[in-house]
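Trainee: Sequence:
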Amino acid sequence: MLQLETTTSNRTEAPLPSSTAFPSTAVSPAVNPQIPLKVDKAREEDAISEKTAYGDEAGPEKVQNGVSKEEASRAAGFGLESPPYTIWSRQAQWAIVSLLMTASLFSPLSANSYIPAIPLVADELGVSTQAVNLSVTLFLVFQGVTPTFWGAICDVRGRRPVYILTFTVYVAACIGLSQTTSYGVLLALRCIQAAGSASVVALGNGSVGDLAPRETRGTYVGMLSMGAMLGPCIGPVAGGLLADRWGWQSIFTFLAVFGGLVLLLMIFFLPETLRALVGNGSIPAEGINRSLFSIIMNRRRRHQRDVPVSTIALPPRKRWSDIDWLASLKMFREKDVLLVLTYNSLFYALFYCVITSTSTSFKATYHLSETKLGLCYLATGGGMILASAVNGPRLTRSYRAIAAEEKRKAEEEGVVADPADFPIDRARLEHLPYALVLMLGSVIVYGWTVERAVHLAVPLVAQLFIGFASMTTFSSCTCLLIDLFPKSSASATASNNLYRCLTGAAGTALIDPILAALGPGWSFTMLSLILFLFSPLLLLQRRYGSSIRREREAREAAREAAREQRTEGKA
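For the sequence shown, UniProt numbering puts the final residue at 571, and the numbers step up evenly by one.
There could be a bad hint or two in this list.
Below, simulated DSSO-like cross-link-like pairs (lysine-lysine); rule was C-alpha separation at most 27 Å, straight line [unchecked claim]:
1. K487 / K407
2. K487 / K330
3. K487 / K335
Because the hints were derived from the structure by calculation, they are not lab data.
Since the structure is predicted, the reported quantities are computational estimates derived from the model, not experimental observations.
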């Protein structure tokens, strides 16, 4: 959040840096320090866009770039311009999200890369297949739990330090796994590996919320989600090929090398995006929050007198004591969050049951080698890539279409459209019933065709549709969570990660006994029925989401007022 004041105490005035290797757009002209201009926190952090959701003529109180038209016109007389949501250019945003998408591959890639090699791991370590499956379950548990703490740090101390720290831990764990021959060490290092790799999956959407306003956020969320969800699909392919050629330890050698390269890219190029620290990107980051490239660029700028300078008030610096370690867990108290998370997590559990059971089911039915088993996962991956290409732009189009509709209604009624009343639930969830129907039908077809040993092409096509439906649902629900909590988006997505990883772990632990008892056909029919029974949660969210948000805003306003009264009383 940016706040421009007349006073200069406790603030730092600094030239605008090029704080990363990525190009940025031009920034606003210099601010006259004698002219006050306050940017409302809620508008700045929540639904700010270069164009308001309700068009360019929403009325005198229209919010644009976090500043009302009245404030903007008042400032214009003094040469001021309302700040954009972000100074990063579209190319820079794509570059940042692309790096985060690549990094988000590692957690699911690590979880699934040795699934085709599970029989080989069991033989070499002298344990049962079920014992090796325990490492997958533990990985999912730690993958879900640890980001609740990373998210709390991330929303206060910055995104960049958390990414670098956790990825360093991840690479070290991979090196250890590549050398281990002990089952106990395998389990311990897998837990550490999960803790290190899960940060980008859970917290990357927080960076997306920093960079992109609601109007264009859907595309980037879909892109980032594609990285996280492709891991379960390409992981078995890579794992099967490596295990066949060089043994299962080579899987972790590959992950260590690949992870090390991405870690170097983060250290040199990944910028800090937390709005509480760098605003819209125009405030210089400090300490470890700066990339090495930004340090070099800042030094060059000191010797360039022709570089435009803008005076910006830095927000108050937060301390470690300001971190709410239970922020992610507190999200579960919010009714709208619980509705979205429950539906999304059950969808994820069903998806993971299909993915986890593919290697054992296909091996028993079609007698495939580890390499061919890995290649079978490309069908699901293809569906997810297709969904990412389709659903991201669709979320953007849906938002704009509903915004135009709301604007038209407001004009017909002769009132000013209030951005707080925008039906964001409808914009994000309106296509999910179609994804649900596609998912249920495809999972049932998958189960029965595997049981009846129908030609391999049929269950693979079913898996393609499963991947498409799953990716559509995951990216839409994640985007909605960021919209609901723009100022604590990392904690919100960490709560999503916790819930879905725990349900995914439960599915992974239970799917083998269920398959043994019922067979693939009835097993996946039963699991599909469970998801269908919870589908009314979507309707409840669309129907009551707005009223739940208004209740929450009223509570927060009351708490803020009480806090101010206590502060005044102490003064």
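Trainee: Honestly, which of those hints from before does the structure not fit?
Mentor: none
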